[in-house]
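Please put together the full structure from these sequences, using the hints given.
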Amino acid sequence: MDILNALVAFLNFVFIPAAAYGAQLALGALGVTLIYGILRFSNFAHGDTMAFGTAVTILVTWALQAAGISLGPLPTALLALPLGIAGTAAMVLLTDRAVYRFYRVQKAAPIILVMASVGVMFLMNGLTRLLIGVDEQRFADGARFVINVRDFREMTGLQEGLALKTTQALTVIVAVIVVWALFWFLNRTKSGKAMRAYSDNEDLALLSGIDPEKVVRLTWIIAASLATIAGVLYGLDKAFKPFNYFQILLPIFAAAIVGGLGNPLGAIAGGFVVAFSEVAITYPWLKVAGYLFPGWEPGGLLQLLGTEYKFAVSFVILIVVLLFKPTGLFRGKSV
Amino acid sequence: MSSNRQAATTNPWRAPILFAILAALFVMEGTMRNAMFSGSWNTALGILNMGLISAITALGVNMQWGYAGLFNVGVVGFLALGGVAPVLIATQPVEGAWNAGGSRVLIALAVGLGTLALAVQAWKRLRAGRGLAVLVILIAGFVIYRWLFDPAVSAIEANNPARHGNIGGLGLPVLLSWAVGGAFAAAAAWAVGKVALGLRSDYLAIATLGIGEIIVAVLKNEDWLARGVKNVTSIPRPVPYEIELQGNPEFVSFAQRWGFSAAEASGIWVKLCYMSLFLVVLLAIILLAELALKSPWGRMMRAIRDNETAAEAMGKDVTARHLQVFILGSAVIGIAGAMMITQDGLMAPVGYNPLRYTFLIWVMVIVGGSGNNWGAVLGAVLIWFLWIKAEVWGPALIGVLTAPLPEGGLKDHLLDSAAHMRFIAMGLVLLLVLRFAPRGLVPEK
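Going down the list, the sequences are from chains A and B.
Numbered according to numbering that gives the first Met the number 0, the first sequence spans residues 0 to 334.
Numbered according to numbering that gives the first Met the number 0, the second sequence spans residues 0 to 444.
What the hints contain is simulated information worked out from the structure, not anything from laboratory work.
Mixed in with the good hints, there may be bad ones.
Stated by the list, open to error - Derived BS3-like pairs: lysine-lysine, alpha-carbon spacing no greater than 30 Å straight-line: (1) A/K192 with A/K213; (2) A/K240 with B/K229; (3) A/K237 with A/K286; (4) A/K324 with B/K315; (5) B/K388 with A/K240; (6) A/K106 with A/K189; (7) B/K123 with A/K324; (8) B/K444 with A/K106; (9) A/K324 with A/K106; (10) A/K286 with B/K219; (11) B/K193 with B/K293; (12) A/K324 with B/K193; (13) A/K237 with B/K229; (14) B/K293 with B/K444; (15) A/K164 with A/K286; (16) A/K240 with B/K219; (17) B/K229 with B/K219; (18) A/K237 with A/K164; (19) B/K410 with B/K388; (20) B/K219 with B/K193; (21) B/K315 with B/K123; (22) A/K106 with B/K315; (23) A/K189 with A/K213; (24) B/K315 with B/K444; (25) B/K193 with B/K315; (26) B/K410 with A/K240; (27) A/K106 with A/K192; (28) B/K219 with A/K237.
Unchecked claim - Distance ranges between label pairs, derived from CB positions: (29) B/N33 with A/D210: 51 to 61 Å; (30) B/S260 with A/L300: 56 to 66 Å; (31) B/N220 with A/A168: 24 to 34 Å; (32) A/P72 with B/V228: 38 to 48 Å; (33) B/E390 with A/W183: 43 to 53 Å; (34) A/Q158 with B/A139: 27 to 37 Å; (35) B/P15 with A/W61: 47 to 57 Å; (36) A/L203 with B/W122: 32 to 42 Å; (37) B/W122 with A/P72: 52 to 62 Å; (38) A/G132 with B/S260: 37 to 47 Å; (39) A/R195 with B/A309: 25 to 35 Å; (40) B/W122 with A/G71: 48 to 58 Å.
A virtual CB, placed ideally from N, CA and C, is assigned to each residue, including glycine.
Printed below as a string of structure tokens:
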């Protein structure tokens with residue numbers, strides 16, 4: 000039994016990718032859950048907002064690269080991020096003003112807002128295609144690895160290598176900072192408290208003199224920032240392809256619902272639950288089992304589900320939560 | 000829901016006039032040859048046939064949304080599932096496939112479903128320790144399922160992989176597969192509806208989004224079923240082949256009398272045959288749907304849609320009725336999916352793009368007038384026509400708009416990306432109609 004090598008294989012193929020993916024999902028789900036908490040509808044345009052924000056960031060990154068500006072070992076995209084966020088925030092504020100506000104004032108049924116968000120999704124999708132096209136774009140630059148396989152092997156003398164990509168480390172660090180900032184904002188500042196009050200009880204918040212339009216604007220700006228950051232991190236870690244951002248909508252919704260729609264803490268937990276289940280279920284465990292039980296030769300790869308079906312994992316998680324705990328693990332709202 | 004369905008009287012001539020305009024568009028497409036129209040009846044009928052299939056899909060969506068207010072975002076999945084039926088029912092049996100592992104696959108699938116059923120029963124019947132019992136049942140069932148399923152699948156896929164490698168069909172008439180396609184979609188809808196209905200309205204939307212993605216993923220990857228991305232070709236047709244017609248002297252002389260070449264006439268004839276078949280299905284579905292809407296059942300459905308709480312207070316089982324109409328609507332979508340694959344003669348899972356097959360259908364329903372069957376048909380054919388023509392008109396429009404711009408990168412970029420304008424245009428159409436004419440072109444009576 001070779002526990003050390005098994006552990007390294009597990010860290011390399013399951014834990015690190017899942018942690019990075021979980022952080023990306025958590026940031027995406029936070030945006031969905033905040034919009035749900037304040038505006039009370041599931042925003043189908045969120046995936047394409049992420050794509051739009053990433054596209055803007057990539058364009059700025061290219062401009063910076065052309066101007067010869069870089070961050071050294073870190074990806075230049077980090078420098079472009081604020082501009083990407085600003086562009087996305089302007090975009091979502093515009094859609095709110097042009098689309099959602101009308102239904103909010105009318106107090107339309109939530110499903111009408113969902114449908115309007117589908118229209119916005121179409122628009123954003125087209126805009127993203129217009130901006131950057133449908134092809135895959137890789138825009139990660141700087142150092143590729145924090146630790147690479149060969150160095151790790153030489154350092155530890157283990158047979159199994161471990162690689163930590165810069166983008167993975169960056170994803171987790173950025174996510175921690177963003178989440179800390181968000182919770183600080185929600186719990187400590189006046190605007191954040193107004194947002195939470197509005198989410199808990201709209202009428203009471205209005206009676207206390209909270210300006211609903213201001214709360215809504217703030218929510219959109221925060222959601223746009225989260226979406227852009229999540230999208231850029233996802234794009235750095237994997238690659239940017241607009242259609243993938245539409246597909247990631249399902250795991251993001253699953254994460255938000257697992258955690259309880261409208262509950263920020265739940266969204267983070269949900270993101271990691273979905274990511275770890277997805278990676279663990281689609282990973283072929285043969286290698287890890289080989290270290291743990293030498294001599295045992297199972298017939299297959301010990302893979303529970305092909306990687307093509309990773310969306311099925313989010314779906315099953317979603318279904319299980321809907322069946323047994325429709326308000327989510329952390330008690331979200333159910334309007 | 001009441002907010003978007005204000006009662007207003009509409010001109011009774013509105014629908015006929017709109018249909019006449021639509022017909023005129025198709026006639027222009029068939030006869031006029033200029034920058035805007037192709038002047039080919041083959042093109043016009045091709046667009047119309049796909050428009051009719053979209054119309055049937057839109058009818059299914061309209062049953063779910065217009066009658067019951069259910070938001071199905073997985074239309075693409077139900078369409079794709081319907082499309083499996085022609086492959087499994089109508090293609091010729093593959094030699095050796097059933098012997099290789101056909102029965103074993105069936106047993107595996109039965110074990111899989113049986114495990115789920117057993118788990119559900121255990122959860123319902125047992126009291127203490129039921130969580131553990133269900134977990135044991137699921138794990139054991141999964142292991143047995145994989146043990147049965149995996150070797151069978153490898154055996155089937157190893158059977159003549161260059162040409163087949165799939166389970167093959169039953170060689171039955173292809174028209175039968177349309178009904179089977181409906182049944183497939185209905186079964187999937189039952190499973191989704193059972194879980195997601197009765198909860199918040201958004202949950203159904205999210206769950207259907209998921210099932211749509213999964214069905215398409217299954218079709219892409221399960222080679223034993225329909226060859227996955229290797230595609231199944233030569234699905235039999237219910238209508239004659241062009242090449243046969245061209246070899247038939249009677250048909251050639253008939254074509255010449257009308258002043259068409261044999262090649263053109265055969266294409267038109269085949270498309271007319273398809274059109275008649277599609278029209279029969281479309282009209283039958285509309286007839287049934289209209290009769291159902293006028294019956295007490297239809298009044299109950301609308302009552303539930305307009306005020307769920309009141310309907311529930313009157314003793315109506317809202318969740319059960321929602322499930323019923325969700326299954327019916329999905330079955331109609333499944334029929335349309337089978338018809339589409341029959342017309343194409345090709346099952347190509349990579350083509351199932353949700354933007355095209357889910358959200359475009361939604362634009363059709365909303366533009367046409369949700370709750371009105373004729374509206375859904377009008378919206379479907381009209382939007383499909385515009386969607387196809389936008390491919391031609393979009394670049395032309397961009398060309399005119401960018402004419403004053405100086406030559407250079409920006410102009411080239413805009414010209415290149417004109418194709419993507421269709422998404423923006425459809426998004427705008429959906430948003431504008433939703434906002435300014437929520438009842439659509441042909442409003443519900």
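Status of the hints after comparison with the structure:
no., hint, result
1, A/K192 with A/K213, "holds (13 Å)"
2, A/K240 with B/K229, "holds (23 Å)"
3, A/K237 with A/K286, "holds (23 Å)"
4, A/K324 with B/K315, "holds (25 Å)"
5, B/K388 with A/K240, "holds (27 Å)"
6, A/K106 with A/K189, "holds (26 Å)"
7, B/K123 with A/K324, "holds (16 Å)"
8, B/K444 with A/K106, "holds (24 Å)"
9, A/K324 with A/K106, "holds (28 Å)"
10, A/K286 with B/K219, "holds (27 Å)"
11, B/K193 with B/K293, "holds (27 Å)"
12, A/K324 with B/K193, "holds (15 Å)"
13, A/K237 with B/K229, "holds (26 Å)"
14, B/K293 with B/K444, "holds (11 Å)"
15, A/K164 with A/K286, "holds (21 Å)"
16, A/K240 with B/K219, "holds (19 Å)"
17, B/K229 with B/K219, "holds (9 Å)"
18, A/K237 with A/K164, "holds (11 Å)"
19, B/K410 with B/K388, "holds (22 Å)"
20, B/K219 with B/K193, "holds (26 Å)"
21, B/K315 with B/K123, "holds (25 Å)"
22, A/K106 with B/K315, "holds (26 Å)"
23, A/K189 with A/K213, "holds (12 Å)"
24, B/K315 with B/K444, "holds (23 Å)"
25, B/K193 with B/K315, "holds (17 Å)"
26, B/K410 with A/K240, "holds (24 Å)"
27, A/K106 with A/K192, "holds (24 Å)"
28, B/K219 with A/K237, "holds (22 Å)"
29, B/N33 with A/D210: 51 to 61 Å, "holds (56 Å)"
30, B/S260 with A/L300: 56 to 66 Å, "holds (57 Å)"
31, B/N220 with A/A168: 24 to 34 Å, "holds (32 Å)"
32, A/P72 with B/V228: 38 to 48 Å, "holds (39 Å)"
33, B/E390 with A/W183: 43 to 53 Å, "holds (50 Å)"
34, A/Q158 with B/A139: 27 to 37 Å, "holds (35 Å)"
35, B/P15 with A/W61: 47 to 57 Å, "holds (54 Å)"
36, A/L203 with B/W122: 32 to 42 Å, "holds (40 Å)"
37, B/W122 with A/P72: 52 to 62 Å, "holds (53 Å)"
38, A/G132 with B/S260: 37 to 47 Å, "holds (40 Å)"
39, A/R195 with B/A309: 25 to 35 Å, "holds (34 Å)"
40, B/W122 with A/G71: 48 to 58 Å, "holds (57 Å)"
Consistency note: the structure conflicts with none of the earlier hints.
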